[in-house]
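Trainee: Given next are the chains, with one letter for each unit.
Number of protein chains: 2
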Amino acid sequence: MPPDPTRDLETLAVNTIKMLAVDAVEQAKSGHPGMPMGAADYAFELWLRHLRFDPKAPDWPDRDRFVLSAGHGSMLLYALLHLSGYDLSLEDLKAFRQWDSRTPGHPEHGCAPGVETTTGPLGQGVGNAVGMAIAARLAAERFNTPAHRIVGHRVWAIVSDGDLMEGVGSEAASIAGHLRLGNLAYIYDDNRITIEGSTDLAFSEDVGRRFEAYGFFVQRIDGHDHTQIRTALAAAAAEETRPSLVIARTHIGQGSPNRHDSAKAHGEPLGPAEAAATKAALGWPAQPAFLVPDEVRSLFAVRAAEGRRAHDEWRGRFEAWSAADPERRAAWDRYHERAVPADLFQKLLAAVGGEEKPAATRVSSGLVLQKAAELVPSLCGGSADLEPSTKTAIKGSPSIAPGAFAGRNFHFGVREHGMGAVLNGLALAGGPIPYGATFLIFSDYMRPPIRLAAMTGLQVIYVFTHDSVFLGEDGPTHQPIEQVMSLRLVPNLVVIRPADARETAAAWTVALQRRGGPTALVLSRQDLPPLKRPDGFRPETMLRGGYILSEAGPGRRAPVILIATGSEVAPAVEAQGILAGQGVGSRVVSMPSLELFMQQPEADRRAVVPPDAPTVVIEAGRTHGWERVAGIDALMIGLDRFGASAPYKVLAEKFGFTGPQIADRVRRWLGDS
Amino acid sequence: MPPDPTRDLETLAVNTIKMLAVDAVEQAKSGHPGMPMGAADYAFELWLRHLRFDPKAPDWPDRDRFVLSAGHGSMLLYALLHLSGYDLSLEDLKAFRQWDSRTPGHPEHGCAPGVETTTGPLGQGVGNAVGMAIAARLAAERFNTPAHRIVGHRVWAIVSDGDLMEGVGSEAASIAGHLRLGNLAYIYDDNRITIEGSTDLAFSEDVGRRFEAYGFFVQRIDGHDHTQIRTALAAAAAEETRPSLVIARTHIGQGSPNRHDSAKAHGEPLGPAEAAATKAALGWPAQPAFLVPDEVRSLFAVRAAEGRRAHDEWRGRFEAWSAADPERRAAWDRYHERAVPADLFQKLLAAVGGEEKPAATRVSSGLVLQKAAELVPSLCGGSADLEPSTKTAIKGSPSIAPGAFAGRNFHFGVREHGMGAVLNGLALAGGPIPYGATFLIFSDYMRPPIRLAAMTGLQVIYVFTHDSVFLGEDGPTHQPIEQVMSLRLVPNLVVIRPADARETAAAWTVALQRRGGPTALVLSRQDLPPLKRPDGFRPETMLRGGYILSEAGPGRRAPVILIATGSEVAPAVEAQGILAGQGVGSRVVSMPSLELFMQQPEADRRAVVPPDAPTVVIEAGRTHGWERVAGIDALMIGLDRFGASAPYKVLAEKFGFTGPQIADRVRRWLGDS
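Respectively, the protein sequence lines represent chains A and B.
Quick note: the first sequence, position 26, residue 16 per our numbering, numbers continuous.
Quick note: the second sequence, position 645, residue 635 per our numbering, numbers continuous.
Calculated from the structure, these hints are not laboratory results.
Even glycine gets a Cβ: it sits at the ideal position worked out from N, Cα and C.
Each statement offered as a hint is correct.
Selected chain B positions facing chain A (in silico; Cβ < 10 Å): (1) 19; (2) 406; (3) 466; (4) 467; (5) 601; (6) 621; (7) 640.
Excised from the complex, chain A in its bound form (with noise of 0.2 Å):
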């Protein structure tokens, strides 16, 4: 027998959330209706009676957070912030997945009040959502005070079995259990159905030991059931010093008569007949579609009323704090702009500037830390258990730990991909400018996260040390070969390999006042020597991406161009001179970012790099996109092959890295053409 909607409310309001779902994938003819209609009871009970939001406030520093992982479950999401009353309007759902929408088919940070963050990439939520707890707790640390108690906000995600399958998803975890994230709490939709069918086909673990295993509190419940889900969110939301997870037993595609339990709820419209017969099931009316009825509306304005409130309270001890403590409310405010210094520049060029010895740039990089952390609050990060290599400790600053979030070192263990993740939810929570660090070649274990950060226009920071064959003996498997071009490629990210300690001030400068998108420093591990630069040099050039270092002299012909980066700078350097004593006139131009070069006016870049002059390009890496700026017809100077186990004076020597080298290959390529 279908249940009345009239007897009861709060299934009626459940099944608008169902049908609002329904519809709007059969409008767009395309999306994931099952989902959301196996979800729509628990996410109503989070919603109506946990979440604590200002609908009309979305930006409300200690609004609760709530995170879709699950993302291709949007409409569950969009029918949940159209309900309580976000700026999301029916005609904004009746665009799902259509262009220029508010409504795209997975949810995008941006489109839409309310959305916390871009999901869809199965696992990303589950950091991102380890990366809200945690700056939530950052926050508390560094603004609660005995008689106020301004942070103290939780953050809820939805998971399915794809986001705990990924290991993205159990790195992040396996940080969130260490941390004892109390204020974290995630609902897994165990429904038991993938794509290919049943879960049993590929995920018969025991989720829930696992998760114990990671020192979560773990509840199993009917996830259709309302007062199971009610008992389990209030223990959540009781438990203080472990994260929850919540396993919610579902149906997917529940109240669908025909798709109930199958796979073919997951990713495709149910179809008029069945979404019809759905509608029958349900004794919901066959038409208007996107139906609202008045009391439902009139329950979720009740709870949008009940967040204002809280809110209004929150404003006012928020008020009493900031009178009781204006110098911890100008922390606050300064914390939460991200604010940077005007003279940041200048401030980290002088922390750098004594240095007149060769040294490494991940090692300049930990000098300029220091100083930027002292003059950006809101600067913190760490390494994916690589510290002592990259050089990324705040000193003086302790480590986060679990219970101990007053520090702004991450300890993020050998999990490159879950602190991606974790950045980005850092980042989205607002605050933090997140750092974090390990060696160039495992970006390549991170750049779902790297993708996801530049598509949202995060703030983030990569510190990738260990950036070409140059660090020698460990070998091919460690050797960035691809990466430095491949990052180039992802569109908002920009990449910047310094070649001494200025350039790695001037690249931090950047990272730190780029606030619509990530940057990534690309660092050597082996010594470097300071490069000398004209007279009258102005170091703001530097900020462009490439400039010239260093003249030609005169010469018996129209001078070459020495195009290069990083470690290869010095070298070409050395060449420059060889060449001179040749006779053949070259200027060498830095680069250490193609995309900022990019940026610039057409005829600055032409009088960096005139377009008719022999051009010559120098990375030790992939070459392979570099004409764009040097031309077909340059030299490229690279690695298109994998590296080799040797102390990295013999593979510079092997590679023909060298200044003799190649001054050589520069003379002999100017004869033969």
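Assemble chain B onto chain A, guided by the hints.
Mentor: Below, chain B alone, put in the same frame as chain A:
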């Protein structure tokens, strides 16, 4: 009191392993001594009592596989190989980490016999071992008979905390537990030390409990107590229905008075003083370095002789089996040779020959796969839970499942990274030509194993569907932009993006014939029209990577070259027609593989893309890198931004990829130039 080496031969042997590692690292002045020192006890027990191998026949198909996932402990492996009698001399050990040596910093498959896989990037070996264990099950199921058991080997792997923190390790372990791989055993070197310090910093989970959740048989032992080690390894070897995890509590740098249990022991030499102190503490002669006592040589020689006998005995069984069942033996040979028929291309073409209707290349690929599976018994694979979309099931063959290995269809779950590592293990094991499928965007989740397949020269096939923004409504999180070009940057990976069914058959042909490295097939979600080719067109032309699909008709000026790939070829042909109507002659070049094209002789390339002709590249992704083929002055019609959620025909229009839009842009560009 230091132990008396003369009293205890086994202690002497263990100390030999330790000291070879210490001496080699000292000599190289770089490397990782701590892990081999801590692992020597159980590694000795494993190699001397359990691992079944014949050092003179490292390719014995039924040998046990040994995987050192913690590849930084390479000297442990090299020491064991040397002592066991493999072709790896003391001179080789003395050349540790030197140019062109057989003992690189991390083990590289092929550098020395007995190195079963290339490791170093953490977590990969965990997955390789799963692939090898599955391959053993596949072979046992295919070739063992009630009368003859010719496949019965096991896979043993040593893993570190880093391997177990990495998500790829979690994914692979979950697969192993699901498939109940009783022939797989990991020894977890639980030394509680990471590079940053104690594992307490970031890794406090209960690893044993987690592996029990995956379905493992978990044992916990003192990793220096030989009695406990023997008992545990014997129990692991006896367990047939669950994979094993032996958690061996060890001490990094064991034997070193001052680096014992120290993070410093991990990645740097002990130094001469501490090396000397260690030798003194172990009662080991200060000189000579690289000492191998005769009695230790004899001990290992006894083991080698046992291995030789086991191999001889196996050979006898194998011959008896061959005689009893010559047909099965012939199948064995075909399987292990990864044989492909000479007329493969013709037959795969015929499989799609009748297709004159528009079809997505993923669908054409599905058709080709059926024929390929019929012709190539080695071919097996599956998808990361996207088979209904990737069209990668071999019809009529059962699924690989717990206790069921007769089939060829894998269900990897939503575990792209684990899939990639398992594919490498399958390829390394000998026999399978494995393929793995997912959406192209999720190639980002599995770049490390793709790179390792390329480095190791493994024949692995990736089927990446949903290859551009034209997947439509799922939006930018799912739409590849930089993926195609960035995969092209991986050395020794061939990327092929076919334009229709026939090119898809050619792509599979390349992949199946290409034994020395991996191939990525990049396929459309949406239908593509079959392309019309000129009369007398030789299909082999399609194997060259780029070819003239449609020659220019007569025109007023030199023809413009339109280079396109995949789904952009058909609109290029449409544009050609429009341009012809406007008196602009153009040639359409289909270039499914930039890499294959670049391998053609220069004259042939120039015949297809004349260097001086105006050239246009049309590819719905990052075009950065196409300059190498098309020149710096080419018109690039691509996408340098993230995509958008909308129906794909809308996206084609909005992003300017329709035939008329392309024609219009080309005409305007020609007018301007």
